[in-house]
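From first to last, the protein sequence lines are chains W and E. Note that the working numbering has the first sequence beginning at 1, numbered continuously upward. Note that the working numbering has the second sequence beginning at 1, numbered continuously upward.
In case anyone wonders, no lab produced these hints; they're calculated from the structure. Among these hints, one or two may not hold up.
[Stated by the list, open to error] No farther apart than 30 Å at their CA atoms in a straight line, the calculated lysine-lysine pairs in the DSSO-like style are these: (1) K49(W) to K220(E); (2) K51(W) to K220(E); (3) K49(W) to K11(W); (4) K220(E) to K18(W); (5) K335(W) to K354(W); (6) K35(E) to K11(W); (7) K18(W) to K35(E).
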Amino acid sequence: MISQVFVLSSKGDHLIYKDFRGEAGSDVVSLFYEKVTALTGDQPPVVMKHKDLHFIHVRQGGLYWVATTTADSSPFTIIEFLNRLTALVKDYCGSLCEKSVQMNFALIYELLDEVVDYGYIQTTSSDVLKNFIQTEAVSSRPFSLFDLSNVGLFGAETQQSKVAPSSAATRPIQSSREQGGKSEIFVDVIERMSVVIGSNGVLMKADVEGEIRVKCYMPSCSEMRIGLNEEFSIGKSQLRGYGAAVRVDECSFHQAVRLDEFDIHRILRLCPSQGEQTVMQYQLSDDLPSAPPFRLFPAIERDTGGRLLMYMKLRCDLPPKSNAVNVCATIPVPKGSISLSQELSSPDQSAELKTQSRAVVWQIPRFTGGTQLSALFKLDVPGLSSASMLEVGPVSLSFELPKFTATGLQIRFLRLSPVQPSPLQRWVRYVTHSDSYTIRV
Amino acid sequence: MPYLGGEETVRELRRALSNPHVQSDQLRYRNTILKVIRVMSQGVDVSGLFSEMVKACATVDIVQKKLVYVFLCSYAALNPELSLLVINTLRKDCQDPNPMVRSLALRNMTNLRLPSLVEYVEQPLTAGLRDRAACVRRVAVLGWAKLHNLQPSSEIDAVVVNELYSMLRDPDPVVMVNCLRALEEILRGEGGVAINKPITHHLLNRLKDCDIWGQCEVLKILQRYQPQSEDELFDILSLLDTSLVSPHPPVMAATLSLFLSLCSALPSVSLAALERMRGPLLAACGSASREMRFTALCHIQLLLRSVPGLMGAHYKRFFCGYAEPAYIKQRKMQVLVELVNDENVAMLLDELKGYCTDVNTDTAQAAISAIGRIGRSYSDRCLEILTGLLGLKQDHITSAVVQTMRDLIWVCPQCSDTVCFALEGSEETLQDAEGRQALLWLLGVYGERISNAPYTLEVFIDGVRSEASLGVKMELLTATIRLFLCRPAETQDMLGRLLHYCIEEETDMCVRDQALLYYRLLHCGMEETRKVLQGRRSDPSLGVLIGRPAEPVNQWASSFNTLEPLKQATVESESASRGSPEHVTFDHKPDTVLSETLTCSYAEDAKPGSDSAALRSDSSAIVLASSAAAVAATPLSLSLSPALNPEEFERLWLQRQPLHAEKGAEVTEEDCVWREECIQCPAISQCSPQSLQAAMQLVNIQTLAFTPPHTLPWRVYLYTHTQQACSADTSHSTLILGELLYTGESQQRGERKGTADGQVGVEGSKDKQVKEQTETTAGRLGERENGKDEGVKVTLLQQPRDDKALEGFVVILTTVLHTLASERA
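Chain E extracted, bound-state conformation:
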């Protein structure tokens, strides 16, 4: 109704408004105006009634006045000339004995948002600041901010600013808070309102007079304050302690934000604050408003990044209610996964199992993938549940289970037997492309253990003509070739058919090219094909086994109590689970691609929303890429293949260890060599494992295990293969295993000297180069490192011995570590 015939309505309203009979009848007049506003808020353009409404403004009826002002403020910008007529009425109202009328007039005068009216507004505003009624002063203070934003170019009137500063001592708390807000806007160019010690203490003392909105505002502004001494800091903290456990979530969150920014240098105090506000935060999690629940959950996820054990005992609070919306259930499951430990794992899995048959498919799939994530630490229990779910023969459940199993097997190869056994028969219920892709990947990689793998593949190959999904076709090709490598007799025929179809009939270029590639590869012989296709079966880094290291609080403190945590869609690892697992890791990739992945991994680490961090990560990627290019220019090249699994590494490392311990720094045996180095970059131990791993992989060094940052002693185990063209035709390759150790003491000094003595000339010059770099780094790091001889001890094992290659490797390693360390600084 209101959308149609808008013009007709406007005409009718105009007639009514200008009717003298209506105008003389108070009630009818008001009702007509009410109609205008109603039509306006329904979205009809009633700006044509402006002049009639201006007339209606001059009345003693406050309700009518308010209604007219709603109208005028909406349309004033369209009628600047006519608005001039209102100003007179408004200025008269500013003299009214009733403070409510005065504040109303003053507020709407500033809400008209017309630069041409500024000269008429300034005088009443100045008077308003000294009004005896608090409600007028509140409006007047904010009025100055509005006025300033109307003409941002005009210079700031120092008299007004001083007046506002002095009004921070106003007896009315809202006036005080409004002064802060207004000054913040007016002085935005100078960094906002000046927060010095007297102002801070004044604000803190008045805090309890304010209502919760005012408290939030004050707490937010106080974040800029730097206490001058530790005593002062602790005085402030103890003053704020009660608001930290406030029953009002906004106050609690704002206080924690302030705590975190005040204690950024005192991690232990921040952690104590987190402990303290656990109760109120959990209460907010159970709030009746689901939006509030969601907000609290998102922030709990943030806290768990630093204190994984914070909510461990309260895991039951995160069980999903059956009537909760899907987005809350998913967040709760993400939290539950974080909270799992030996005591609660049985209860937790039992609960999650219940969600797997949820009517909502998104919730069901999220529950299944949550079980998969827990499976990384408790694989037996989880696989039992997952296998049971396959028995339901529901397409969306089966699909999610198969994908989860694929992701699980990639990080926990030990569960492959169970998975292979469970998979049989699941192909019949799989409908969607992602699920079938996951199944195909498993069939290809573990084909020799799944007895009916060729028959399953045959069904897929027979149906390839009607296959719509590109991903499935590509995965089918790879899986068939892989299966052919281990079970040639059963697969040969169907492989032929598949290749024939893909090369001759397939219209999609990607599929055809891949088929052609495999076809030509097969021409080169089985061994070549095997080398190309039989890559890793599991994640080579032990990152998942070690668990995600606890992040320092400062990494997320700036995004606490902003919208940022609410926007992040899902945990990173879940986005990675689409597609084959090997595609998401850094596996034999050219340098360009690697540096791209490196950049995005940096972006994940970097503080979200801060531009400077993004810039820094870009620059670091460039530096690393260029260093990688420089490395590539030398004849030495590093490679990650053939892969070395952690068990093998351990065996090699340990069997040499005792021998090495007895003898000196450099031990040569029949076919291998031990060497110890010292690289000067203590800051490296602050580096996040992700960026270290990414950087190492950029130059084809694989990190196998590492301790979390900030722990001492800090260790990293890594390996690589060197390949060096010795002569024109033969290439010589060696395996290098290494350990980086940083103890945080300067105890290696003697050892390092010993090592340096044993070096030949080349080594000496290199050492000098390292020293130079150290000096530049140290200069940047400031006096902290000055004069100290802290270093990262590098122990290397090479097999077979090749001094030149080792030398080259040390140079590469040094460059990477220095780049990372300077990045860190």
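The shape of chain W in the complex, shown without the other chains:
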């Protein structure tokens, strides 16, 4: 049971406040902000208490999404609800940020009114909600010249316009109604890797959490069939097909997915509702089908001048056609490091010493598969001792691997039946993120 829901900006501005049960006053909003900002580092902020009122909040899009409730309510339910609420707001407003919430507050009030009544969650299905929500979203995206670049000369279709721009999926779902009904469906396969590689190069842990997300901009739904790799298998024992096995440990589906063709043909059937939904979630642990995407070969020594020298050789083990983008390696360095001089192998890379977080941050905007980059970092550390070499701790990498899935999961086809009369655009996108990619040195 939810007593109030409110949204605060990171600076504490009140954006949305809705009281469902009239049990506590609106002064708790400021009280919450005082509490959450006064927390020390090791106190978990998710649940906080004031007298017999409990605050549960999630942070999404730089905002605090807070629900107040009583002690016996389920944290799973309320956190899931808040996450679902942010997803709905994102669907309806296009993006999730302070500005879009501010501009669309009327829409969010309307949403809240339909989603929760008297503190009880009524429905969060966008299929149901679309009949009730009347307010139009105000798009907060400024006009940009880049939007025009996709239109070819004299409006001709160019090669470029066949690729969905990355911003295509960040628009409000309902704006399609009067914008000429550009029906689009995005199917995203998103995987998050968490990997630990030991100092001897042995893979110590490799987990992949993946999901297939469908984002649908079609006002009316028809049945969609998503075909996965035929070799896709669940669990250890089962092996299918002749190609390289695509295996996951556990797999779960959205309740609207019909699985009658899944066992034999690996086809998911569903009627997507408007907005974004996770159709399938899966996990794989400790058994990657291919080598981990990055390897690091570090050499750390002290030179005669008392400087710390770090040679870093980073190898990308992706197939040569793939790229990693926004690669960023964070290398913890000894406390008291003053300055950094670096030698990098190409000019688009950059490295920087962050004294606040005691780390060297090495940025590589694009990294082609099968290649190798090296860097030399020289650090001035006053009072460098042999013990402080130990502080050159585990290197962590963050990256994005577009058009790549770590499990090898692919979407064979995407069919809609019956065939849509209006032109429909279907997009399949793959991306693998680093959840946590740690290489010990």
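The hints should help you fit chain E onto chain W, whose structure is shown.
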């Protein structure tokens, strides 16, 4: 901007709202209202616009209507008279052909929260229950709950309640769930909605029609249902099996809660359910939302209390991601400590070692103390890591390491050599008070093994004038005196200086008094001082070696899927690690203090959040304290000093054992006596080791080792010293070692009789007293114990022999066990 000139804004808005040109232009009118709501949600008081907004309510534009309702519901309580004007519009809307308008009007009519409007609302609500559109019925059902809470004193209308019950069969699942919710609120005084067999089965059959929120609600309410037969129970469980592994964490958690409450009498089924939901719970642990991760982690900690091995194979799932916030990392480390075993210890320590140099000092310190906790079972590996960390010479790391070492050495005295060796030189990097306190404690207690201890102390003593921390000064005093006892030649001079400073110049009363105390103590002679100051060096109970026993699931089942697990700050033992270890144990303390500590230890054991448990623990503390007082009144007194370490106990116990086995129940030798007793309280074996230990310590009996509860045979080893004033000047003391054994069978009957035959008169009367107590206990326990002769076999070894003292001891022991047993019942 909105905070300043609020009045100006309101005036401007009023002008715009009452402008006929604006009113005639649909779009401008709506935009003006939008502005009002925007200003309102920024926190400006716009209640002055109420009458203008009421007018704006009468429109065909649904968006505008919705906006106005947001405003009206916020300010209706301030303007009850003007709100009356809205009611007409709302009632008209309730007749609208559009179901959306009807539901909107009905919802907002009930959201106004004005008791004066109730009479106008009842009729549309009654009509709403029979509306053909489901969305109107949903609103109407909840409307009755709102209406009831508006005037809780008014009696419940039986017609409405019946109607709501019949609407549980509504085709729309949300209406059904809302009926449950509404009935739950309306009938709260009678314990909520009645859950009988037909309703339960109906709800279970409709479960799959509901969305996840509805499922959670239904599952929660079903917890109240008691299946009538085992077959029915298992039917329900198999029906719910799919939701137990649901990909939605709320459904999964609610189902497990229901499982646990249904199977509270079938522990094996509960455990199987825990196994089954391991996968989904681990998936929730890896969820993209970190708040969800945290929630799942907290609940996993709860499960691990009962099934420590549940996640053993999946320990890698709890490795920390580098970008995770500190609070998640700390929880993960707490889980990792629980999961350690022979196979994964190397990997685990390797991982934890990586966290020790984390930029976040809280995370680093948590990692170090996690290594210390693992060190209780794998001390060599952990000490190696900890010693290596000292080499980093970072103040926060060194401080955490020294504190961890102190806590470790207290439970594992065998690692003292390594620690003493590692400590050298660490004083230079220590900055904070806790770290220095820990170092001082180690220097004091193990001073004879640390070669440069006096010089280290001297640095502290020279700097005592600028010392700000009270704790450090107190610890410094104690450490110096202790060191003086073992290395007088090196320490005498600096001790003199320290005492002089503390007595003459120190302004803090505590420090001065303690210095004076030590000064006078030294006057009494070295032996006296030694007796006072050289206490234990290690935890006398073997609790840590045995490990924490697995708790029954029922202990935490009620807090599963509530906010409770998320609130608990840290594991108890970590809160205890502040300050010197001997201060956290029960060491020569007066009875009042002991009963206080006992109460808090009970509070930890008791189910959090349940008042009755807290009350019970209070009462038990009182009973025990009074029994302790009664014991104190007898001339016999028990004491724990001099301490007996486990090895010594084992030696004494075993060397007598064979002899005893050959001869009879009571064996007398030159200076010691064996005796067997039987005390009638089988329930004692259900008692948690913590409360048993605490209770025993209250009367100065030390428990050395025990088996986990619910295992058979159940054993406890304990010892104490009796002190009895034989004559005016000499006091006579004996050592008593004891074993409590409960096999769960009534096999000791014969043996007990044999023992009873050998008793003298005093024993007989005591026996009768025991029997009486047994009968009262048995009466309370019910027929389970009736007629059976189950008992706890007590084997005692006394040295030297003193029958009276032994007699007294048996009485005390019996009282304690009975108090605990009745508490348990």
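A quick look at each hint next to the structure:
no.: 1; hint: K49(W) to K220(E); verdict: holds, 23 Å
no.: 2; hint: K51(W) to K220(E); verdict: holds, 25 Å
no.: 3; hint: K49(W) to K11(W); verdict: holds, 21 Å
no.: 4; hint: K220(E) to K18(W); verdict: holds, 26 Å
no.: 5; hint: K335(W) to K354(W); verdict: holds, 11 Å
no.: 6; hint: K35(E) to K11(W); verdict: holds, 22 Å
no.: 7; hint: K18(W) to K35(E); verdict: holds, 17 Å
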